[in-house]
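Chains A and B, in that order, are what the protein sequence lines are.
Residues 1 to 276 (UniProt numbering) are what the first sequence spells out, left to right.
Residues 1 to 284 (UniProt numbering) are what the second sequence spells out, left to right.
Because the hints were derived from the structure by calculation, they are not lab data.
Among the hints, erroneous ones may be present.
To be verified - In silico lysine to any residue, SDA-like type, Cα no more than 25 Å apart, as pairs: (1) K131(B) x F42(A); (2) K131(B) x D57(A); (3) K167(A) x F185(A); (4) K131(B) x F185(A); (5) K131(B) x V47(A); (6) K167(A) x F100(A); (7) K131(B) x L51(A); (8) K131(B) x L23(A); (9) K131(B) x A18(A).
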Amino acid sequence: MTSRRPGRGALGLHLTLAPLALLWLMPLWLMVTYATTPEADFLQPGVPLGLGGALADNWAILLAQTPFPRAIANSVATSLIYTACSIVLTSLAGYAFAQFRFFGRGVLFALVVATLTVPYVVVVIPQFVLVARDFHLSNTWAAVVVPPLFNSLGVFFMRQNFMALPKDMLDAARVEGVGELRIFFQIALPLVLPSTAALGIILFLQSWNNYLWPLLVLSRADAQTAPVALGALVGLDRVHWGALMVGAVVMTMPVLAVFVFLQRYFIAGITAGAVK
Amino acid sequence: MRRSAVAYGFLFPYLAVFAAFWAWPIVQSIVYSLQNTRGAVPVFSPSANWGRLAGDPVFLRALGHTLAFLVLQVPAMLALAIGLAVALNAPALRARALFRFAFFAPIVVGEVAYSTVFRLLFNGQYGAVNKALAALGIAGPDWLNEPVSAFAVLVIAVTWRWTGYNAIIVLAGLQGIPRELYEAAEVDGVPRWLQFWRITLPLLLPVVAVAAVLSIIGSLQLFVEPQLITRSGPGGATETLGTYLYQQGFRAFNFGYAAAIGYAAAMLALVVSLAQVSLFRSRT
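Pulled out of the complex, with its shape left as it was, chain B reads as follows:
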């Protein structure tokens, strides 16, 4: 019993912050989502926000964009990260430190700093991308002012920022694969590409799954990039759950509705996490 008292003594400072700024807000968020907060006094009304979500075209579009981002960007980025990790792990690679720097440097660059850079790079008039294309004789699109290309810019920007991060996770997984497996395959004359499919990829799967879950949860709350690079535009074409929550919560100050949007994102994250857990429980 004395041990418990000592342990809780050590835990207390962190738990106090944890309770006040995480556990309590999660509960409070449910309460807000069940209230109509548009009047002077919040009124209990479960349908005010949850009913509105189902029929709100802006929310449904934001949800659609977020899911499209998740389905298109995350797998592409993870495939790139796996390729990159394998390449950076190759014994034949020279100037390894230089390559690592090139791909890992973006992980320290702040979201705001890199978002401003990408907004400038993809500016239709004077951005570097269209100037480079013009030098090749190609007339680039007005990237940020057309729905599809604006969405593509977000995909490119997030891929630039996070591929190295995921490659680091995959690299750690690669280094956990026993070398003997490859040596045995080498003795049996298994070609390199088959070694990759039969040894590397299956053994990387758990680590890639973790990277996937982290990336998906990140995508579900995508905010800074659509806020600063595309400003949710053109005409709401890159509105995400994150920007819509910000709009409803901190521009319209409708806390109840914003809390419901946040919970919608959280429920999607929960589904993804549970899918990952059950997938790997049944496999092992």
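In isolation and in its complexed conformation, chain A is listed as follows:
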């Protein structure tokens, strides 16, 4: 087999892929170096490939422009609450679709599937009117967290996992007279816990990075999430790029670190929605 010995083909493969990989990493690396570059150096010729010494200065500029630690705290809190709520709602629903035959199951599931192929922009106007105008929930965590819970990713994901459970085992528990909720929480859910973790990571990431919806319902500076706070700085007349890059680094590096260790969970979450 040619694949055993690295011949000319293998060399060509590496010579093509390595520059491309460097190019792909460049925006992330430059984000870091720019975050450490003094403002005055931005007009100097040459690309800042190495780290500078102005991280603290740029951080101070960022803080002078926006209450960024507060924004990060808002992001962490809303993303955690969203993730927990979405896991509970969608695993309950996914369990029902996987384990029960009931009236209207096919139609309901088709409707839920449709959420993936209908652009979000169709629902955003009525959502906004409902939340901001009818319920006056602007600038609250509830406004950020609750509407995106319609996301059906978890329903498919958990349905697939629950379908793999042996039905006999759950039926045995029913014969014993164990209640349905106890069967769910004490038998079924613990068996799919690793997959639930994968789902949780994807949901957290979606919420952490979400921009359009929080932008619409959060206007007060102390209520904004990190993407909203950062996005607002891009539109100012005088943009402090170093400070902006510090904000981008703070938003990106934690999830990147998690990604390094839990890559296969991210990949499982992506392929679950697309393949099948």
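Position chain B against the provided structure of chain A, taking the given hints into account.
Just chain B now, kept in the frame of chain A:
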């Protein structure tokens, strides 16, 4: 019957949110699109928004940009993603984890964070791209202030962000192709490139179609990148359906017109989804 009651008990919390924040808004959106919402009180007037769409040059330009993006960026990105997936799947590849990290890392980077980075990278005066070009003796364009290059920046940015994502989907498809097919082809002396055309590509088609539909639907609602990288400019040259909807809905607060724009995007998405379904129904 009791089973149905139990099932609906489990479904109820999700369905309540689903009904309130998805099913109802979809219906409500139609209602808004049929109303003139520019006055103090909404008035039923089907032609107010739908009639306006057909003759609104800004909408037609935004639609044109969105379709151009879809036709230019999506196929290029998918071709790149297929190539990347095949390369990352090659048994001869060394340092696989490093390569995977390089191409997959963008999928966790938030739209806002990466958009700010790309706005800086392509800044005509002090962006890294033009500085690198200057070092090579090339005077780069004022990327964000010229229509064609601003559009190109959006294509480059979205390609950077989403190629790895699509490569992951394609990789999953690749791993579903039986190895025996290649072994048989190997025995018959079929060259590698022909194996790719005759085995890999046809068997990948369903997975690529899913990736294509997801990418197209994403393109139809492109918002964060034109909003933050090019700010729809210069002079509206990168206005998309997403940014125009935002402008009409949340700057002008004309909900009826914005809802009509949203539905226009949704109808295009529907056409694409139906095309995919019918294509693969007739093939199998």
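To see whether the hints hold, each was checked on the structure:
no.: 1; hint: K131(B) x F42(A); verdict: holds, 11 Å
no.: 2; hint: K131(B) x D57(A); verdict: holds, 24 Å
no.: 3; hint: K167(A) x F185(A); verdict: holds, 15 Å
no.: 4; hint: K131(B) x F185(A); verdict: violated, 58 Å
no.: 5; hint: K131(B) x V47(A); verdict: holds, 6 Å
no.: 6; hint: K167(A) x F100(A); verdict: holds, 10 Å
no.: 7; hint: K131(B) x L51(A); verdict: holds, 17 Å
no.: 8; hint: K131(B) x L23(A); verdict: holds, 15 Å
no.: 9; hint: K131(B) x A18(A); verdict: holds, 22 Å
When the structure is compared with the earlier hints, a violation turns up for hint 4 alone.
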